[in-house]
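These protein sequences, in sequence, are chains A and B.
Number 100 in this note's numbering belongs to position 44 of the first sequence; there are no gaps in the numbering.
Number 1074 in this note's numbering belongs to position 31 of the second sequence; there are no gaps in the numbering.
The following label-pair restraints were derived from C-beta to C-beta distances: (1) B/Leu1045 to A/Gln120: 22 to 32 Å; (2) A/Gln120 to B/Gly1096: 40 to 50 Å; (3) A/Glu109 to B/Glu1058: 48 to 58 Å.
Derived lysine-lysine pairs resembling DSS-like cross-links, with alpha carbons at most 30 Å apart: (4) A/Lys98 to B/Lys1148; (5) A/Lys113 to B/Lys1084; (6) A/Lys98 to B/Lys1060; (7) B/Lys1084 to A/Lys139; (8) A/Lys139 to B/Lys1148; (9) A/Lys113 to B/Lys1148; (10) A/Lys98 to B/Lys1084; (11) B/Lys1111 to A/Lys113; (12) B/Lys1148 to B/Lys1084; (13) A/Lys98 to B/Lys1111; (14) A/Lys139 to B/Lys1046; (15) B/Lys1084 to B/Lys1060; (16) B/Lys1148 to A/Lys134; (17) B/Lys1111 to B/Lys1046; (18) A/Lys98 to A/Lys139; (19) B/Lys1046 to A/Lys113; (20) A/Lys113 to A/Lys98; (21) B/Lys1148 to B/Lys1099; (22) A/Lys98 to B/Lys1099; (23) A/Lys134 to B/Lys1046; (24) A/Lys98 to B/Lys1046; (25) B/Lys1084 to A/Lys134; (26) B/Lys1111 to B/Lys1099; (27) B/Lys1046 to B/Lys1084; (28) A/Lys139 to A/Lys113; (29) A/Lys113 to A/Lys134; (30) B/Lys1148 to B/Lys1060; (31) B/Lys1084 to B/Lys1099.
If you're looking for bench data, these hints aren't it; they were derived computationally from the structure.
Every residue gets a Cβ at the ideal spot worked out from N, C-alpha and C, and that includes glycine.
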Amino acid sequence: EPEVTQTPSHQVTQMGQEVILRCVPISNHLYFYWYRQILGQKVEFLVSFYNNEISEKSEIFDDQFSVERPDGSNFTLKIRSTKLEDSAMYFCASSGLGGRYNEQFFGPGTRLTVL
Amino acid sequence: ELKVEQNPLFLSMQEGKNYTIYCNYSTTSDRLYWYRQDPGKSLESLFVLLSNGAVKQEGRLMASLDTKARLSTLHITAAVHDLSATYFCAVDRAGGGADGLTFGKGTHLIIQP
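Kindly generate the complete structure, drawing on both the sequences and the hints.
Shown next, in the form of structure tokens:
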């Protein structure tokens, strides 16, 4: 069964460093998303991406964040200058049809630890 | 701002019992999603509810949606230990194509033998 994959599974970085989190969405899906979950808390939407551009972003997704689809399979989230409060689990998701049927399938997540 | 509230946030129950988790939301969305998350794992899609009165069942879990009341329920019948997990409901944020989901805080469910 097709699934969303993410790398790395765990990333440790120093405050102020740049990190890139990588995702490979399900191959025939058109819509891609990033979410984060701070330990023990709810899942928060960051950004959605469709047709090579950002479709929607939340107030969390400020200028420190960017997304890119550098080729036909990868979808990346870059954090330019990490802060302690960026420590969280980051989930990539994808959906096929959008519109009324927006079932999103989530990857296993990347645990980001900022020291 | 869209709000999604779940209750209870924590539930400990015995095997064989029935219980219901409630999800209230503040927008007029008619699309609601239920996900399951095991500790340290990702989110697994359980149900997609797309219209008022929608009811879906899978095994011991049944989900329903009342868009007029802005309420969804997840009912557990004759609970078994394997259903122990955190359950999230989520609502489309904007009602368009590539919508981000707004999640509730989750219901941490423990089922004891």
